[in-house]
Amino acid sequence: MTADVEDPERRDVLVIAASAFAAVGAASLIWPFVDQMNPDAGALALASTEIDLTPINEGQAITVMWRGKPVFIRHRTAAEVEEAKKVPVDDLPDPVARNENNPGSPATDENRTLAGHEKWLVMIGICTHLGCIPKGQSLSDTKGEYGGWFCPCHGSHYDTSGRIRKGPAPRNLDVPPYSFVSDSMIRIG
Amino acid sequence: MSSHESSYEPKSATAKWWDERLPLPRLMYDQFIEFPTPRNLNYMWTFGGILTFCLVAQLITGIVLAMHYIPSGGEAFDSVDRIRRDVNYGWLIQPMHAVGASMFFLAAYLHTFRGLYYGSYRAPREILWILGVFILLAMMATAFMGYSLPWGQMSFWAVTVITNLFSSLDQIIPGLGTSIVQWLWGGYSVSGVTLTRFFSLHYLLPFVIFGLVILHVWALHVCGQNNPTGIEIKTKSDSVPMYPYAISKDVFALFIFVIIFAWFMLFLPDYLGHADNFVKADPLVTPPHIVPEWYFLPFYAILRAIPDKLGGVIAMFASIAILAFVPWLDRSPVRSTKYRPIYKWFFWLFVFACLALGYLGAKPAEGTYVFWARVFTFYYFAHFLIVMPILGSMETPKSMPGSITEAVLGKGDKSATRSAPAGAPLGAPAAPEDR
Amino acid sequence: MPQPRRKTGNAERETEMIMKHAFSSLCGVLVAVASLGLTTTANAAGGEEIHIERHDWTYGGIKGQFDPIQLRRGFQVYQEVCSACHGLVRVRFRNLVEPGGPEFDEEAVKTLAADWPNQIVDGPNDEGEMFERPPKLSDPIRGPYRNQQEARAAQNGAYPPDLSLITRARGVHNDAAWYIHVPQMALDILTGYQEGGSDYLYALLTGYHEPPEGFELSEGMSYNKYFPGHQIAMGQPIPEEGAVEYQDNAGATMSMKQNSEDVTAFLAWAADPSLNQRKQLGWSALVYLLITTLLLYFAKKRIWARVKH
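Chains as they are written, first to last, in my numbering: chain A, 1 to 189; chain B, 1001 to 1435; chain C, 2001 to 2309.
So that you can see chain A by itself, here it is in the shape it has in the complex:
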């Protein structure tokens, strides 16, 4: 058998350089095939949506779809806001606000809403435990022990600010990035 491997002549720079160039070209082909599975331009373009708030009366809530996920928009009553404000942050299982508009801040009720619009609560309606959609949007729904939302799958209770109070869920309901385009219109995303 030819001892090609032992022959120093064969391992010359030219062969190595040529092989390296060829290999680099082949490797560079990989990225397009990986990236094509990422969200395409159409999906990225639908990244934000605008919602008209006028039809939502006080005490009512609606659910809208955004990036394929349900978003809870609640027009809270003064009482609900009061109740949420009274809770000390230290009592909360999750002390972080989980508000993308105010990242890292503590979970006070102020930090869960936008300044000047504390009656409006906007959250992603997916339980942070294992992904079910909590009950509490419609008037007939059970709202759990803290008057907010209740997840029927494994018994997580959220309060009137959407924060987890009892049950297996580890985090408060996430607040997506959103802003008030006008007093009656928000843009999510």
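Quick caveat, the hints were computed from the structure, so don't treat them as lab data.
Keep in mind that this is a model prediction, so the values were computed, not measured.
Even for Gly, the Cβ is constructed at its ideal location relative to N, Cα and C.
The reader is advised that the hints may include incorrect statements.
Each pair of labels, with its calculated beta carbon distance range [said to hold, decoys possible]:
(1) Phe180/A / Leu1284/B: 51 to 61 Å
(2) Asn38/A / Leu2281/C: 17 to 27 Å
(3) Gly1311/B / Pro2239/C: 50 to 60 Å
(4) Ala20/A / Pro1364/B: 45 to 55 Å
(5) Gly1311/B / Asp35/A: 47 to 57 Å
(6) Glu1126/B / Ala20/A: 34 to 44 Å
(7) Val1193/B / Ser184/A: 45 to 55 Å
Chain A is fixed; fit chains B and C onto it per the hints.
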């Protein structure tokens, strides 16, 4: 597999462990590293590697496209458009697949013509050759169905025309042709139903091709490659190990091929296709010129050359089927055309006939075009049925060398004469002995 | 020591020599044929030959790229002239902002979209009804007709096609004799010509004439030199003096030819928005491939140096 002993020696403990359980490394070593290949192979022998690359490229780009493509009559065209416009790198992957099909056939035809010229179909390589014919057939079926998938005007009408051909069977058994056509269509006309089943089969067939290719390479490795002299390997000096010799040649040739591939894909992605396929399929509007892709043009010319519908269909299928009989049609005592001075002319005439038929396939079936299509169709079949058998037994071949080594080194140089590269001692271990 | 005979050995050198000779002959033939003129011909329904001139496009050939200023002018022509009948539904308003195209300002396009006369059908709303709303950036650039039937009803049976892919959906047939056609094809491949659709569209837009003596023009049709059959239902969209006045900084002045050229370029972009990216990648890929192939060639020669072949 081949007749020689395996000289693979597992070096590490892990290698030994594998070797005792599933000797894949041994297989790879024996068949693709140490395998003796004739030392005189020219660049026409690089197309096997190139074709493997094409198959893998089509499989990968195809599977990726299938993640975004929607095989329904209503959405197919729009989904392809969306791939080109919105999918990340879709503008690159889609033409890679479309141009890749053309490149696949270019390589396949060159590979086939190489076989015809050098007599690679002759004993003991008959099954190898026939497997190749089946691969070609499977490629054609795959390409035909693949072309329907964008559901443009040309996609739709090509399917209509070609599937309608089967209705000519009604001339043999009344009703048979029509039933077959409706069975293919899944309805009374070509529709989205047809498209969806073509998508399923188009996804399936390349894996069938893959299996056929494995058998093809297996059959090849039983007897080894042919070579330009047509004389089999007799002694060690006739061959070189596949790695690094044949492999380095294959990789270089592959890159030349990729340059052509990239040229079309990036500068001329629409050149090999038809403008009409950028119009959504419309069953009520027939394009003025229905033309298949270039690689089907010779067969299309043969189809239209025969005035009778059934006759045309039979001729078209026969023009592919006849390839399978070539090992028995060629009656020359000599394998390679290199030593057949008269047959050489007929071979090139055959190549010209195929090119001419390709050109004529794109022209309307009128006037002088029909006349020449008939002339070249006649020659196409005459080449196999008349020239191959008769000329083979009549011709006096040129004098042939005794062996591959003799062909390469010349008659008086059977001993180890070789020009040593500067600085290397004679008899350096890397050099094959007696070269 | 007798010299080894080169004649029957060294098949690789033979192949190379043949390739070199073939290539130089090919070049000679191409040069000869190229002097026969670079026009391509279109085949009208009656088998008559129509010569379509090749136009010089900024995006043509292997070095071609779109000129964003031209594309903006072209969009203006589309908006003011063509959008009255033709949709562009495969193009979204956001594409007008993205690189490689007209590259308009995003806020300007948002306003343009909101004011676009052809609204988007959305719904059903809470009453269960479909409704119309103004387009957003992510919406398509719709034409005035909801479907082909509505278009035909409004246009006396004729259908103004959507223009999103028109320059790729049209081309020019070459009916020259084979000894001219085949070298022409080779030349086209070497120069990267695939602008047949653009050439046709430009010819069409500038090809309206009075019908020649004895030509029977049907009612409601117009004579066009380049449309197959010479009778086209679309009246001349851009008159002799031009149709769209450009702003001072638009880089060109109004004329039929200028408007036609600009709208053709814009539609070529609409049909192939990734052209800039694609051709740039073509160059990088080519450079890389040439270097690597050369290295592989010399590596192969190095490996084979020890073996007579």
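Query raised in the report: Which of the numbered hints above does this structure break?
Result: none
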